[in-house]
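*Asks:* Chain residues, written in single-letter form:
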Amino acid sequence: MAFRLTRVIGGPEPNRSTVSRATAIAEQLSQECSILLELYRKKESLTTDVLMDDGRLVSVPPTSSQLDIRDTLWCLHSALLQCRSLLERAIAREEEELGGGKKGDYETQRKMVKERLSLLLSNVGELLKAVDGAPVLSPSLEGLELNGPTILFELKLWVYRIFKEVDYWTKTTITTLQGLPSVMAKEHTRTARVRSTRSTRR
Amino acid sequence: MPRSSSSPKSKSLCCRVWLTCALLGLSAAHTLAKDVLGVPQQVSLSANMVAQQLSISWLGGAATTFDLMILRTELNETVFYETVSVTMNQVSGLHQWNWTSLDPLECTSLSIKVRSRDGQVTSEWSNTQIFQGNDLPSNENFQLYPQERIMPVGSNATFCCIVKEGQLFRSIQYGSRITTTTRLSRRSYATTVVNQGPSSSWGTNVVCFDSLKEPQGTVVFVGYPPLLSDFVCETYDLTSALCQWNEARDTKLYGKRGTRFTLNKRDCPKGRQQQRQKKCSVAQWEGNWTLIAENPLGQYIITDSAELSHRVHPVAPVNVSAVIHAWNATVLWQWTYSSYSSLALVCQVELSCHGSKTNYTVSGEGLQSVVLSDLYPYEDYSVQIRCGAQQNFWKWGNWSEAFTFKTNPYVPDAPDVWMWLNGDSTGQIVWKPLTQRQSHDQITGYEVTFWSTEENLQHTHIFSPDTTAAPINLTQIAPFSSDTKVIATVIAKNTEGPSQPANVVIRLTDAEPVAVSRAVYTDKGFPLFWQSNDNATCGYVVEWHNTVCTRNCPVDWIKLDAGTTDVLVESANFQPGVRYTFSLFSCTSEGRELLQHWQGYVQELVPSSSVILSTSQQGSDVLLTWGEIPLVSRRGFLLGYNIYNSSDSELKLIGNVPDKGSRSYIVTGLKEGSHKFTVKAYTSAGEDTGATSSVTVETNMDWLILEILTSLGITAFFLIIVTFICYKKRKWVKKAFYPDIPEPKLPGDWSRTQGPLDVKPSSNSIIHIVDKSDHDPSKEMLVAIPEEDEDEDGQSMEDESVDTDEPTSLRYYNQVVDERPIRPRYPDSSASSASSLDSVRTDVTYTGIQTSGSSLVFQLDPAGSSDDHQPHADLSVSCGGGGGGGGGYRPQMQPRAQNDDIILASPEPLDEPLVASAGGYKPQSSWHLDSPVEAEESGGRAPSLGSPTSVASTQFLLPDGEEHAEAKRSSATTWFTNLLSSAKP
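Protein chains in written order, with this note's numbering: chain A, 1 to 202; chain B, 1001 to 1985.
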């Protein structure tokens, strides 16, 4: 089936190049996240035993196949936005508690991930705007634990969890964006069927 | 020995009383002591958790010495048990003692009790006070202590882990290392790390794992207390103070744990922590400064004091500018602070031009300008200035920003002119292109003027700026003779005008050739030396060029002052492997005069090409000749040539020819066959690749032919001499070798003239012999033998027998047959003669020289073919062929033919077996009887004489022993025999 983005009723639709660009950025960010996580594990001499996954920090409504494109993109955008907030806070806390030393590869990679995440967020925002047809409303960050722990060791684990969270949502973004064309095709078919039914009733 | 005696009963009673008294006394004393050493009361504890210090206080009465016991409550393990001296606080009346624990106090509960001591007397233990740890069942959390501790490098640290209630302890990890642990209580485990190294800026993680694998961790920072050096304060603006210092070592503590500085009790702003050099300023010069550096591990104090005038560090000049001329410039600048106007300054001015720097030092109060002289026109310069206090100099200020400027243009310098003469009346005037420093601006062109002093005519030519040579033809300028001179003048021009003229005098002189010396290159150039020349009024010129060049050469030169006697010639254009010719000229008002020549190489190389080699054979020798290597290819002074035999795979040096003009070499003693020779010229750098030539050595045919001819000539000459001698001495020879045989005296008349009988066979060469004798049919016919000598192999006979076209005389020869008719000098036996005449009317005469023991015999077997009838004499001289073969000449003998009536009618020659069986023609061995007497003695068997044919034979009769040699005589012998025969009278 040829990839063809169609307009959703009542609003504009994302074009193909925007989706591709966003996917490429997400893939790049995913690679950079992997490097960042590796650098972090190395600098902290922490094993995977220590760095166990301890649940999600980002909370969004559960995604399902029943969600339409708009809702899917909105959830994605919301998650990435929370990730960026958490990442900014993690960097700030880390600098506050542990900064002042010589800057190295880790700091450079951390900065790169932060900037790439902002770029991805912007691109997903464009997609959402294209689907929704209205300016993107920033989801509320209320309830998001941005301060982090006060104990230094726990702070380190928290920072790592945030990096993992960014990595997780980046991968989710890649999956979502790659599956976006098929979802749009289904919606197009459904919309056409509804139109056909309505016209028959008339 | 006398003994006192007493009753046992009384003794026992006495002892019992004494023991009782003693016990009572001790009991009373002990009761008294207890009353004096009161039991410590109101024992209380207070803890400093960070310092891991426990403060124990109690009311202890008058005692000053106490026993302290500290136990881990759960396991009842003694941690501390010592006697300590504690004085009573006079205000509170309490005794207090501090105990520092190795373990964090949170690790487990501790039980503490105290008792008073006075010497060996102690009181009862006080009530046990328990310091509760965090491992109480009420605190179920998973914990690790201490939390976020900052420790000095090299210290020991104990970490304890309290596992969650109900969980099992697994391990404690320090950094990436699993440590060994000890158990402090039911839930508490501890590990001690000794001599800790510095941690990273993120600290060292200490993590504890329980059975749930949920980690509990802490971060420890290990670093150094501050250490400073080079603390000094100075002023830039003559008012404030700026103090600087260096951190002598990295404390490894950063950020909020980093070092804080206070200068004269004022906080210094945090600069970049990674910079080792720190600075802090104070608004007013205070004269004394105290710097305190402090971090969690300690502090460092350093001080400095000085007067302001001794610590003036001027700022860099600003707004640098210049007033520019062609040969000088005035550089101007300004000061940031007006207070500098009254400050005595010393300044350095650094002038840069094309990478070279020149420093000027000037001084003055409030200095703001400097004049730079000795500049070059139209040149780019860059200038920087820095200053210091002239009085109580402290240090140089910072350099100003570099200011660049270009001096004004000026007329160019006179060019450096020289000339090249080709030997005829042509040549060229050459000059060196002016450098920027000489041209003073862009050169617009050159003007060359030739002026003949005799003709007083000027020829002026204009050349473009990139020209460096002007061709001259002196015949076009003036009728040139040896004493005529032409002055060439070269002027360079730029936008500012013409340069001063540069002259060179041209004068054709028949210069005598001067010897060429060799110049040896050193690391710095070619050192040349010469004798001083009085004629060199205006100095010398050393000129050099590539020796290969002969006309209009690109020449280089250097002009030297008069009185100079040596020079070191160096040039960036010198190349290895190129021969340069250096010429020394003296400069006079009348022109130049050649004084000396040198030739040399910067570096000799192996020749770039090989000789052209040719070879030629001279008998068994080979002459190698080769040509001269062109000068351009020699690339060094040729030392000689090495000659190699390269016939094999390896080069074999066979000779060396020094380079003294000879370019040939003779290789001797060569064997026949192909040879390859390689000639390699060599210089001091080595051999060239070599030229190879092949030659095939062959036998010299001319010489061989000459030798043969010489041998033949000598042989012919010898034969002529022998022949001549024989001819002259023929009588002697005849007498010696061919004596007259006395004629036999026969009864009867045998004087009938006998002549030679030529038997002419029929046209088909068949002799038909008809036997007319009735009584002896066995007397055979005459067998036709081909006209040939009796070669033993019979082959030639067979061949010759075919030729029967012409009717030929049938002749029998022994060795040599005289063509002439044989005189019937020796009549055979009467029987034979008679029978011959009777039978066929043919007279065949056998003439020969026979040995005395031999006789001419015709063996005819009357019976025809029986072996039994063969004569015995025949057997005696037979040479092979068996008894039946017979070796003698038996013309009439049939080869054992059974048929008695044999008629040789066949035109075919005798077959080989037939001849062979006949035994060939051997008259010497078969002819025995010379007389009928002897014939009769032979048993009446004188068949030859009974033959119907008589044969005349001529032969030498030689001894039997020479029989075989006789048969091999050459034609020369035949000729000799004929000669002798012809010599018969």
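To be clear, the hints were calculated from the coordinates, so they are not data collected in a lab.
Treat the numbers as computed from the prediction; the structure is a model and nothing was measured.
Backbone N, C-alpha and C fix where the C-beta goes; we use that ideal spot for every residue, glycine too.
One or more of the hints may lead you astray.
[What the hints assert, rightly or not] No farther apart than 25 Å at their CA atoms in a straight line, the calculated lysine-lysine pairs in the DSS-like style are these:
| no. | chain 1 | residue 1 | chain 2 | residue 2 |
| --- | --- | --- | --- | --- |
| 1 | B | Lys-1213 | A | Lys-164 |
| 2 | B | Lys-1213 | A | Lys-103 |
| 3 | B | Lys-1406 | A | Lys-102 |
| 4 | B | Lys-1279 | A | Lys-103 |
| 5 | B | Lys-1213 | A | Lys-102 |
| 6 | B | Lys-1256 | A | Lys-42 |
[To be verified] Residues from chain B that face chain A, not an exhaustive set, calculated with beta carbons under 10 Å:
| no. | residue |
| --- | --- |
| 7 | Thr-1179 |
| 8 | Gln-1196 |
| 9 | Gly-1197 |
| 10 | Ser-1200 |
| 11 | Ser-1211 |
| 12 | Pro-1215 |
| 13 | Lys-1256 |
| 14 | Arg-1257 |
| 15 | Lys-1524 |
*Asks:* Each hint needs a verdict: does it hold in this structure or not?
*Replies:* Each hint, compared with the structure:
1. B:Lys-1213 - A:Lys-164: holds, 19 Å
2. B:Lys-1213 - A:Lys-103: violated, 33 Å
3. B:Lys-1406 - A:Lys-102: Not OK: Lys-1406 of chain B and Lys-102 of chain A at ~46 Å, beyond 25 Å, violated.
4. B:Lys-1279 - A:Lys-103: holds, 22 Å
5. B:Lys-1213 - A:Lys-102: violated, 33 Å
6. B:Lys-1256 - A:Lys-42: holds, 23 Å
7. Thr-1179: Interface hint status for Thr-1179 of chain B: violated (13 Å vs cutoff 10 Å).
8. Gln-1196: Since the shortest Cβ distance to chain A is 15 Å, the answer is violated.
9. Gly-1197: violated, 13 Å
10. Ser-1200: holds, 7 Å
11. Ser-1211: violated, 12 Å
12. Pro-1215: holds, 5 Å
13. Lys-1256: holds, 7 Å
14. Arg-1257: It holds, given that the least Cβ distance between Arg-1257 of chain B and chain A is near 8 Å, below 10 Å.
15. Lys-1524: Violated - the Cβ of Lys-1524 of chain B stays beyond 10 Å from chain A, reaching only about 51 Å at its closest.
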